[in-house]
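Asks: Residue-level listing of the chains:
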Amino acid sequence: MLNYLHAEIYRLFRKKSLFIFSGLALLAYLVTIFIRSGNLNSYSILKDASDLFSLLPPIVGGVLFAAIYTDDLSSKNLSTLVGFGLSKSKIVVAKLILALMTLVLIFGLLPLLMYLIYAGLGWAASGNMMANVYLLSGRFILLVMIFMAFAGVVVYGFQRSTAAIVAYLLLSLGAIGQLLTLILDKILPNASQYLPSNIIGQLHLNLMTGEGAIVWLGMGLLAYVVMSIIVSVMLFNKKEMEF
Amino acid sequence: MKKAVIVIAILAAAVTLGVIGKQYYDNRYVGKDYYAMVPLDYDVAPEVIYSDKGEELGQGKEYALVVYNNKGEAKSVKWVIRTEDGGLPQRGSFLLVKASEQIVTGWSVIKEDQIPIEALKKIKSNNMPSDT
Chain Y
1 MLNYLHAEIY RLFRKKSLFI FSGLALLAYL VTIFIRSGNL NSYSILKDAS DLFSLLPPIV
61 GGVLFAAIYT DDLSSKNLST LVGFGLSKSK IVVAKLILAL MTLVLIFGLL PLLMYLIYAG
121 LGWAASGNMM ANVYLLSGRF ILLVMIFMAF AGVVVYGFQR STAAIVAYLL LSLGAIGQLL
181 TLILDKILPN ASQYLPSNII GQLHLNLMTG EGAIVWLGMG LLAYVVMSII VSVMLFNKKE
241 MEF
Chain U
1 MKKAVIVIAI LAAAVTLGVI GKQYYDNRYV GKDYYAMVPL DYDVAPEVIY SDKGEELGQG
61 KEYALVVYNN KGEAKSVKWV IRTEDGGLPQ RGSFLLVKAS EQIVTGWSVI KEDQIPIEAL
121 KKIKSNNMPS DT
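Just so you know, the sequences run in chain order Y and U. Position 41 of the first sequence, counted from 1, bears residue number 41 in the working numbering, the numbering being contiguous throughout. Position 114 of the second sequence, counted from 1, bears residue number 114 in the working numbering, the numbering being contiguous throughout.
One or more hints might be untrue.
[Claimed, not checked] Far from chain Y, some chain U residues (derived; all Cβ distances over 12 Å):
| no. | residue |
| --- | --- |
| 1 | Lys-2 |
| 2 | Ala-13 |
| 3 | Asp-26 |
| 4 | Gln-59 |
| 5 | Ser-76 |
[Unchecked claim] Computed list of lysine to aspartate or glutamate pairs in DMTMM-like fashion (alpha-carbon distance at most 25 Å, straight line):
| no. | chain 1 | residue 1 | chain 2 | residue 2 |
| --- | --- | --- | --- | --- |
| 6 | U | Lys-124 | U | Glu-84 |
| 7 | U | Lys-71 | U | Glu-47 |
| 8 | Y | Lys-47 | U | Asp-85 |
| 9 | Y | Lys-15 | Y | Asp-71 |
| 10 | U | Lys-32 | Y | Asp-71 |
| 11 | U | Lys-124 | U | Glu-55 |
| 12 | U | Lys-32 | U | Asp-85 |
| 13 | U | Lys-98 | Y | Asp-71 |
| 14 | U | Lys-22 | Y | Asp-48 |
| 15 | U | Lys-71 | U | Asp-85 |
| 16 | U | Lys-75 | U | Glu-56 |
| 17 | Y | Lys-47 | U | Asp-33 |
| 18 | U | Lys-111 | U | Asp-52 |
| 19 | U | Lys-124 | U | Asp-52 |
| 20 | Y | Lys-47 | U | Glu-73 |
| 21 | U | Lys-61 | U | Asp-41 |
| 22 | U | Lys-78 | U | Asp-33 |
| 23 | U | Lys-124 | U | Asp-26 |
| 24 | U | Lys-22 | Y | Asp-51 |
| 25 | U | Lys-75 | U | Glu-55 |
| 26 | U | Lys-98 | U | Glu-47 |
[Said to hold, decoys possible] Distance ranges between label pairs, derived from CB positions:
| no. | chain 1 | residue 1 | chain 2 | residue 2 | range |
| --- | --- | --- | --- | --- | --- |
| 27 | U | Asp-33 | Y | Leu-179 | 28 to 36 Å |
| 28 | U | Asn-70 | Y | Leu-222 | 28 to 36 Å |
| 29 | U | Ala-14 | Y | Ala-119 | 18 to 26 Å |
| 30 | Y | Ala-163 | U | Ser-51 | 37 to 45 Å |
| 31 | U | Tyr-24 | Y | Leu-26 | 56 to 64 Å |
If you are wondering where the hints come from, they were derived from the structure by calculation, not from laboratory data. Beta carbons are placed, not taken as given, at the ideal position from N, Cα and C, and that holds for glycine.
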């Protein structure tokens, strides 16, 4: 599995389209900050981070999901990997680890970039403010990872790139979450608090305030990830590979 | 060569958009501090407020005041305050008004001693009751 992970990291970091997209997204962000620079203050970075990070799951996350998960489908690489003897469960787990690594890289570097930009404009954020920004980025790392884990089930179950990407976008835009909340609130009051996005929201709040359960919420999230891996592997094992 | 042209075109478009966008944004949304007093004879009674399309927006008041910056330079501003946004500033209240070139971006009631001297001089001289 480590060799496969290494190969995937190599592939991802040599994917030109990903770098072009990231460059354009960064340029768009810099232009936006420049336009708004007249109205910034020392607290702007947190609001800015909140606005920016909310946009990233569908936009950047979508491109990343396609690069990590559906590229293999398009190039029929999954069957090659299975043919070489790599177990399906290792493929599923390796993909999730790769997703987590790239998300940590993106959401780890972004706050730093924002700090440098704001400091350059004369609004250097305090340590406390940056801690809050990093807590927020942690929230979005978990959120996007969960979305990718769930959409990954569609990748392995249907092995159709379009369906998988649509599933990811519906998750990341909150459409599925809102629908589930509506349905659950009608049939099982208070059940919607156990949805992953609400668990992550509560975890974020508890970490910010230093109060409330953290371990249990973390375990709840882990349960969702483990469940998605199990379902993915089960569906992957059942589905006939296309050659 | 073609790639370099594309990159340069994208950068040029970004710079152009940035400059034009910043000009527009600063003119509309970046407010500077101005100071005013609601005149003692100003009508502050709430009335029905309508949108540009004629839709009723509730109760409020349009304030049209002459405001002064910290150098005492005057500017006429007009903005609507809705009663549900908080109380309407009353006659004699001193205001800090944040105004851009185009709109008022914010306001608050402040104390007289928070107003810069030059602005306060102008406010008082223009709000002295006329001798009858």
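Asks: Now tell me if each hint is right for this structure.
Replies: Hints and how they fare:
1. Lys-2: 14 Å, holds
2. Ala-13: Given that some Cβ of chain Y is not farther than 12 Å from that of U/Ala-13, nearest at about 9 Å, it is violated.
3. Asp-26: Given a closest Cβ separation of 5 Å, the condition is violated.
4. Gln-59: 30 Å, holds
5. Ser-76: Holds, because the least Cβ-Cβ distance between U/Ser-76 and chain Y comes to about 22 Å, which exceeds 12 Å.
6. U/Lys-124 to U/Glu-84: 30 Å, violated
7. U/Lys-71 to U/Glu-47: 34 Å, violated
8. Y/Lys-47 to U/Asp-85: With a Cα-Cα distance of about 22 Å, the restraint between Y/Lys-47 and U/Asp-85 holds, given a limit of 25 Å.
9. Y/Lys-15 to Y/Asp-71: Holds - the C-alpha atoms of Y/Asp-71 and Y/Lys-15 are around 11 Å apart, at most 25 Å.
10. U/Lys-32 to Y/Asp-71: 52 Å, violated
11. U/Lys-124 to U/Glu-55: 38 Å, violated
12. U/Lys-32 to U/Asp-85: The hint holds at about 21 Å.
13. U/Lys-98 to Y/Asp-71: Answer violated: U/Lys-98 to Y/Asp-71 is near 52 Å, above 25 Å.
14. U/Lys-22 to Y/Asp-48: Holds. U/Lys-22 to Y/Asp-48 sits at ~17 Å (cutoff 25 Å).
15. U/Lys-71 to U/Asp-85: 30 Å, violated
16. U/Lys-75 to U/Glu-56: Outside the cut-off at roughly 29 Å; violated.
17. Y/Lys-47 to U/Asp-33: 23 Å, holds
18. U/Lys-111 to U/Asp-52: Violated. U/Lys-111 to U/Asp-52 sits at ~34 Å, over the 25 Å cutoff.
19. U/Lys-124 to U/Asp-52: Judged against 25 Å, a Cα distance of about 34 Å means the pair is violated.
20. Y/Lys-47 to U/Glu-73: 34 Å, violated
21. U/Lys-61 to U/Asp-41: Given pair U/Lys-61, U/Asp-41 holds - Cα atoms ~15 Å apart, limit 25 Å.
22. U/Lys-78 to U/Asp-33: OK: U/Lys-78 and U/Asp-33 at ~15 Å, within 25 Å.
23. U/Lys-124 to U/Asp-26: 30 Å, violated
24. U/Lys-22 to Y/Asp-51: Holds, because 19 Å separates the two Cα atoms, which is no more than 25 Å.
25. U/Lys-75 to U/Glu-55: The given pair, whose Cα atoms are some 29 Å apart, is violated under the 25 Å limit.
26. U/Lys-98 to U/Glu-47: OK: U/Lys-98 and U/Glu-47 at ~24 Å, within 25 Å.
27. U/Asp-33 to Y/Leu-179: 28 to 36 Å: About 47 Å separates the Cβ atoms of U/Asp-33 and Y/Leu-179, which means 28 to 36 Å is violated.
28. U/Asn-70 to Y/Leu-222: 28 to 36 Å: 57 Å, violated
29. U/Ala-14 to Y/Ala-119: 18 to 26 Å: 22 Å, holds
30. Y/Ala-163 to U/Ser-51: 37 to 45 Å: Once the Cβ atoms are compared, 44 Å apart, the range 37 to 45 Å for U/Ser-51 and Y/Ala-163 holds.
31. U/Tyr-24 to Y/Leu-26: 56 to 64 Å: 22 Å, violated
Consistency note: the structure conflicts with the earlier hints numbered 2, 3, 6, 7, 10, 11, 13, 15, 16, 18, 19, 20, 23, 25, 27, 28 and 31.
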